[in-house]
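These protein sequences, in sequence, are chains H and Y. Residues in the first sequence are numbered from 1 upward in steps of one, following the numbering used here. Residues in the second sequence are numbered from 1 upward in steps of one, following the numbering used here.
Some clues are possibly wrong.
[What the hints assert, rightly or not] Covered stretches of chain H, going by a simulated chain Y footprint (3 or more residues, C-beta under 8 Å):
# : stretch
1 : 2-15
2 : 313-325
3 : 387-398
4 : 425-439
5 : 487-496
[As the list claims (entries may be wrong)] Only pairs whose alpha carbons sit at most 27 Å apart, straight line, appear in this in silico DSS-like list of lysine-lysine:
#  : chain 1 : residue 1 : chain 2 : residue 2
6  : H       : K105      : H       : K132
7  : Y       : K190      : H       : K3
8  : Y       : K80       : Y       : K108
9  : Y       : K95       : H       : K520
10 : H       : K415      : H       : K120
11 : H       : K132      : H       : K361
12 : Y       : K121      : Y       : K108
13 : Y       : K95       : Y       : K80
14 : H       : K518      : Y       : K95
15 : H       : K174      : H       : K45
16 : H       : K361      : H       : K437
17 : H       : K355      : H       : K437
18 : H       : K267      : Y       : K121
19 : Y       : K108      : H       : K520
20 : H       : K520      : Y       : K2
21 : H       : K267      : H       : K243
22 : H       : K520      : Y       : K80
23 : H       : K132      : Y       : K80
24 : Y       : K121      : Y       : K190
25 : Y       : K95       : Y       : K2
26 : H       : K75       : H       : K132
27 : H       : K437      : H       : K234
28 : H       : K3        : Y       : K95
29 : H       : K437      : H       : K324
30 : H       : K36       : H       : K243
31 : Y       : K121      : Y       : K2
32 : Y       : K80       : H       : K3
33 : H       : K104      : H       : K3
34 : H       : K75       : H       : K324
35 : H       : K105      : H       : K243
Just so you know, the hints here were simulated from the structure itself, not pulled from any lab data. Glycine residues also receive a C-beta, built at the ideal position from the N, C-alpha and C atoms.
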Amino acid sequence: MRKFIIVLSVTFVIILVAFSIFSDKTYRPTNAVVLKAKYSEKPAKVVDHSKFAVLQKDFQRPQDVTATCISCHNKRHIEVMQSSHWNWERPDYIEGKGIVYLGKKNIINNYCIGTQSNTKSCAKCHIGFDMKENGVSYTDSTNVDCLVCHDQSNSYLKGANLSGTPDPGVDLRKVAQSVGRPTRDNCGVCHFYGGGGNNIKHGDLDNTMFHPGREIDIHMDEAGPNLVCIDCHKTENHQIQGKVYSIATLNTERSNCEDCHTETPHKALILNEHTLKVACQTCHIPIYSKGTPTNLDWDWSTAGRLKDGEPYEEVDSLGNHVYKSIKGSFTFGKNIEPNYVWFNGTAGHYVRGDKIEDTTKAVVLNPLYGSYSDKNSKIIPVKIHTATQIFDPVTRMIILPNLYADNVGEGAFWKDFDWNIASEKGMKAVGLPYSGKYSFIKTEMYWPINHQVAPKEESLTCTNCHQRENSRLAGLNDFYLPGRDYSSIIDLLGFLLIIASFAGVLSHGFLRVYFANKQK
Amino acid sequence: MKTVYIYRSFERFWHWTQAFLIFFLALTGFEVHGSFSFFGFENAVIFHRYAAYSLIVLIIFAIFWHFTTGEWKQYLPTTKFLKAQMDYYILGIFKNSPHPTKKTVLSKLNPLQRITYLVLKILVIPIMVISGLFYIFYRYSSGGFIAGLDIENLEPVALIHTAGAYALIAFVVVHVYLITTGHSILTNLKAMMTGYEDIEDENELINKINNNKVIK
C-alpha cells in the first residue's frame, strides 16, 4: 500500500510539473466582446446637409460644390491636397535610389502600365476634377472632389475619359446634400475596380464587398460586424492609414490585424508561437477571389488584332474577357490559393526609366524583401500577377505607351493600334528616349492578400503547410519546416538500422529455437 | 534457485513509465516527422511536448534516485567478462551454456548492459533531451530564455533529434528481444514487473557447468 501511494504521488507530481511548464503565459485574448461592442455602434449622422441653405441650389460645375464645401469646412481641402489620393505620389525610399516620389504619377504597373499621357482616362479614379498632364490642376483647391468619397446618395459617378470630372448626368445638388462618412461604396467604386475592371488588380478587393456576407469577409459581413474600409484604414485629417505594399516601399503607416487584435490571440500556445514568423493573413485568408474572378495574367503582346479593321473582344463561358484588341489577352481565376513569400514590410520598385539588366527572366516590378533569417520578416500570402509588357530592347526600358486619346489619328494605341507611334508618343510625354524598336518582356507584380478574411473554421490547418506533399509553403525553402522537411539520408540510414535490428534479433531467436530443439 | 527482490518499486515505475513515454514519443514524433498520420499534426505536436516534459521530470527523479541509492554504480563500465558476455550471445546461448556473469542485487547488469545503458544515459538521452528542448524553444521565444542562443537554423537540431529517435527505436527492438534470454523466456519480464527474480544459486550453477561439459 505504501509503495502504491509513493508511485501514485510521483506520477501526480510529474503530471503537475508537465502541466505547469505548459501553462501558456503568452495568451492575450483579443477582447472580442469589447471590439464587437465598439463596432456595433455605427457612427450616427450628426449633421443633415440637406438642411443647409448654401446647398439649396443647382450647381453648374462640380468646382462650385467644392467651393461651397470649403466655405464651411475651411482648410480641409489643404489636408486633402497633402494626401496621396490627391497627389498620386508620396515620398518613399528605394534602396540604391534614395528618396523617390512614388505613386500613380510615375509608377509602372502590370495592368494599364502607366497613367502618364493617359490622364484623361486614368483620372476617373483621381479625387479631383480636370486633372491635367502638366499638373496645373493640383494647385487649384476647387478641383478637390469631395463628393466621390462623401456621397451617400449612391448617385455620384465620374465620367469616362473626362479627367476626373463627374458624369454630366449627375444631380450635384442631390449628391451635395447627401454627404457623410465614407462607406464601402465610396472606396470601392475605385479600389474594387483597379486595373480597369472589377477585381482585375488586387484579387482580395472586389464588388462583392459592397454587400459582403460572412463567406466573403468576416469583418465586413453585413449581417455581422458590417465594418467599412475606414474602420481599419483609420483616417485623421484626410490622411488614410494603410499603404498598399505594391506601391509603398517603406514599412510605415501600414494597417495591421494587430491594430485591433493582440499578437498572441490564440488559445493554443502552439499557434501563438507562429505569429512570430507567420502573418495572420497567411492562415486566415486561405483563398482569394472568393466572390468574382481576378486577373492573373495580362499579355499585351497580342493586343492590336482587328476584325474587319475594327477592334473586338472575346468573352469566355464564365463572362471573363479573355481578349480585347485594345489590351491583349487575359487569364482569370477564382478561389485561388495564394503564393507565399517572406516579407519584412519593405519593397523595391521599378521606376520608369530603369534599365533592365537581365532580360531573360521576368522583371519583378515590386520585389518584396524578406527572408527566414530576417527577424522582421513574416510569411505573407500574395497574388503574383504576371504580364507581358512592351519593352525597348535598345534602351532596355519598359515602354510607357500612350494608350488613350479622344480621337483616331492622335497616335494613341487604343484608337490607332500602332505600338510604334504609341510608344514614341508615350515615352516623349515622360521625357524618356524611345529607340524606335520594341519587343515584349515578362513582368511580375506581388499583391499582398490582406482582405476578405475568412471565418475561423476555414483557416488553414497545420497540415496545409506541415506535410511532405503539396505543402502550401513548398516554395519557401530557406528553413526547416517540421512535417515537410527531412533528411533522406538520415531517414534511410535510420530505416536500415531498424531493419538490421529486427533481422538480427529474428535470426538470433531462430537459431536459439533451432539449437534448443536439436539438443532435446 | 532462490527468489530475490531485485527491482525496487521506484525502479520498476521508472522503467515502465520511461518505456511508455519513449513509445509514445516515437509515435507522436514520427507523426510530426511526416511519416504517418494518426493523432493529427497539432495533437501530435502537443502530445509530444507533454510526453517530453513528463520524461524530463521522470529523468530528474531517476537521477536523484540513482545517486541517493548508490544504484548509479551499477552502470560503471567494466571490461571484465565483456568478451565472455559477447561470446555467450554469439555462441554459448545456442549451446544452452550458462550465463557467464551472475546476476545479483549488487550487480544486476552484465558488462554489455553496463556499457549500453551507460551510453544511453550519458549520450543518447541527453542528446535527445537537449535537441528536443532546442526544438521546442528554438526562435519561438515563448519562454524567452532560449532566444539568446539565436540558433540560425532548426535543421541541425531537427536532424540530430531524428537520428537519435532511430537509434532509440533500434535499441528498443534489441532490448525487447534480449530480455527473453533470461533463465526462461519470461524471467526478466516478470522480474521487471514484480520486482522478484529467481536467481540460480551457486551450487546449481556449478552443477549446470558440469552437466554442460558432460553433454559436450
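Are the Cα atoms of K105 of chain H and K132 of chain H separated by 27 Å or less? Holds: K105 of chain H and K132 of chain H sit about 11 Å apart, inside 27 Å.
Restraint status (C-alpha distance of K132 of chain H to K80 of chain Y at most 27 Å): violated (99 Å)
Has the given pair, K267 of chain H with K121 of chain Y, been kept, meaning a C-alpha gap of at most 27 Å? Given pair K267 of chain H, K121 of chain Y is violated - Cα atoms ~36 Å apart, limit 27 Å.
Please verify the coverage claim for the stretch 313-325 of chain H: does it have three or more residues whose C-beta sits within 8 Å of some C-beta in chain Y? n = 0 at 8 Å, threshold three: violated.
Okay, the stretch 425-439 of chain H and chain Y, do three or more residues pass the C-beta test at under 8 Å? violated (count 0)
CA of K75 of chain H to CA of K132 of chain H, is that 27 Å or under? holds (23 Å)
Restraint status (C-alpha distance of K105 of chain H to K243 of chain H at most 27 Å): With a Cα-Cα distance of about 16 Å, the restraint between K105 of chain H and K243 of chain H holds, given a limit of 27 Å.
Is K267 of chain H within 27 Å of K243 of chain H, Cα to Cα? This hinted pair is violated, its Cα atoms lying about 31 Å apart.
Within 27 Å, alpha carbon to alpha carbon, are K108 of chain Y and K520 of chain H? violated (30 Å)
Take a quick look at whether K3 of chain H and K95 of chain Y sit within 27 Å of each other, Cα to Cα. violated (41 Å)
Need the status of pair K121 of chain Y, K2 of chain Y: alpha-carbon distance at most 27 Å? Not OK: K121 of chain Y and K2 of chain Y at ~31 Å, beyond 27 Å, violated.
Pair hint K36 of chain H and K243 of chain H, alpha-carbon separation not exceeding 27 Å: holds (25 Å)
The structure shown violates the earlier hints numbered 2, 3, 4, 11, 18, 19, 21, 22, 23, 27, 28, 31, 32, 33 and 34.
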